[in-house]
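Residue-level listing of the chains:
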Amino acid sequence: MEGRAIDTGAAMEALFREERGRLLASLTRGFGDLDLAEEAASEAIEAALAHWPAHGVPSRPGAWLLTTARRKAVDRLRRDQAYAARLAVMYVEAGRAASTPAEGTGAEFPDERLQLFFTCAHPALPAPARGALTLRYLAGLTTAEVARAFLVPTATMAQRIVRAKRKIREARIPFRVPDADELPRRLPDVLQVLYSLFTEGYAASSGEELQRPDLAEESIRLTRILRRLLPSEHEVAGLLALMLLVHARRAARTGPDGELVLLEAQDRGLWDRDLIEEGRVLVTEALTEGRAGVYGVQAAIAALHDEAVDVASTDWAQIVALYDVLLALAPSPVVRLNRAVAVAMRDGPEAGLVLLDELADEERLRHHHPYAAARAELLHRLGRLPEAAAAYQRALELVGTEPERRYLWRRLRATGQASGDAAGAPEDSGSEQGG
Amino acid sequence: MKYMLLINAGSADADGTAVGCTVQDWMDYDASVRDAGILVSAESLADLVTATTVQVGPDGERTVVDGPFAESRELLGGFYVIDVPDLDAALDWAARCPGARGGGAVVVRPVADFGA
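Chains B and P, in that order, are what the protein sequence lines are. Under the UniProt record's numbering, the first residue of the first sequence is numbered 1, with each subsequent residue one higher. Under the UniProt record's numbering, the first residue of the second sequence is numbered 1, with each subsequent residue one higher.
Chain B on its own, in the form it takes in the complex:
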């Protein structure tokens, strides 16, 4: 093992991405301070980059890194007595043991990341910062990478992270795993952060050239870590299942020109069978152990899509039933919208349209382009072309990403109702089609 050559920085980066999160969690637990932990972890990794290529990778790299990082942190505290005093006071007040954790034994050192998940997803932090902190500290991304992931300038992201860290420090958001009785209240916050990262990865995967960290992959990786840390929480299994079952369709989701391909038109041969299989096993686990949760049910719906050979043979009756379960667990207009679409597949477009029109006054759907697009689709199928065109227009006014815009524009033209085909600029099209 020793003397193993290190060829490229990429392999090192991959190793450290995983290690950085564990190091940070362990150091934060030991020293109670995220800044100090971050600094010490970076210095330890720098030391490894300097040391290992020449002297070989130690037999227990994780323990080496932790020992080195702890020494760096202690050095820092010796240099900065005021800082050390402040940390010491915090410790005494928090009633924690002031000693650093014991030297790593066995599996190198205990995995302390669970508490970091809860700190990063703390409801007292602003929502956009929660995902950013989770990527920064648990996925081990650099601030620049996190900024690219969210498509914001690095300086903006740096400021967001600094502000959140300041709140953690000054309001003293604790680094701890919630007790068993508060876990049911706090776990959804963590799952929400991970799921938001996942959907953000999808919403923005718009075929740009941009070198962008893959948020879907990162959130799956993080959820796998969380699952190892909380193996008996069925909603963690449900969330991981949902992500895998959706992610399995990734290759079929965009066409050669980056255009959006909807579920019914996807080449199902491109779906990732291994991910689907893994997801299906997890769904079963998520739904058989205790009460069904929102992620488990959504995963079950995704599994039914993934198991069908085509749209026509999809078990729409079962999907409608699962949406009913989901509505009972977490009523929302968006779920009702999805249920209406499933009903249209089960009972025909007329039945679906009736349900969609019942939602017309929902505030949350008024500016929701999937609602307008779903109405357009059903009107189109019913041959009510001018109304369909108007609904496509409405969806185009609201849509965010370029592939979705192009998709809707193609659908609008398919109604034969679009004015000025050549213009090619959907936002210029007026709403003269009317209802």
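Among the hints, a few may not be true.
[To be verified] Distance condition first, Cα-Cα at most 25 Å in a straight line; then the derived SDA-like pairs of lysine to any residue:
hint	chain 1	residue 1	chain 2	residue 2
1	B	Lys165	P	Asp83
2	B	Lys167	B	Ala124
3	B	Lys167	P	Ile38
4	P	Lys2	B	Arg169
5	P	Lys2	B	Pro123
[To be verified] Examples of chain B residues toward chain P, derived with CB under 10 Å:
hint	residue
6	Ala124
7	Ile173
8	Pro174
Honestly, the hints are just simulated from the structure, not real lab data. Just so you know, even glycine gets a beta-carbon here, dropped at the ideal spot from N, CA and C.
Model the placement of chain P on the given structure of chain B, informed by the hints.
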């Protein structure tokens, strides 16, 4: 660590207590904060009609006006300062406070520490 719980009243009944909680609720809460040994200080504020605002301009001129009046729903009705280990503990005490119910809200603010 010290936190101030700023109690913003929600809609009040005729007798001035917030909807959905009784004087007994407040007394129980107060007793539980004292029994827990975390109380630093606590006051309940007199009615807003008794409030007076003072400002001193750049020229040293003092302006005294009646009010403020309740323009916003968020009306500071009282506060607790408690000493607890971390924000989670402070949030738990805020959630137990009767002022957090009945449309009221409790704002939790760490007390700045300029020592050390």
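Next pair to validate is Lys165(B) with Asp83(P); report whether the Cα-Cα distance is within 25 Å.
22 Å, holds
Taken at face value, is the distance from the CA of Ala124(B) to the CA of Lys167(B) at most 25 Å?
Status holds; Cα separation ~9 Å.
Classify the hint on Ala124(B) as holds or violated, based on whether any CB of chain P lies nearer than 10 Å to its CB.
6 Å, holds
Per the CB criterion, is Pro174(B) less than 10 Å away from chain P?
4 Å, holds
Hey, does the Ile173(B) contact hint survive, CB to chain P under 10 Å?
Result: holds, 5 Å to nearest chain P Cβ.
Straight-line Cα separation of Lys167(B) and Ile38(P) no greater than 25 Å?
Satisfied, since the Cα-Cα distance of roughly 22 Å is no more than 25 Å.
Does Pro123(B) lie within 25 Å of Lys2(P) when you go C-alpha to C-alpha?
Distance ~20 Å between Lys2(P) and Pro123(B) Cα, so the pair holds.
Lys2(P) paired with Arg169(B) [C-alpha distance capped at 25 Å]
14 Å, holds
Hint compliance for this structure: every hint is met.
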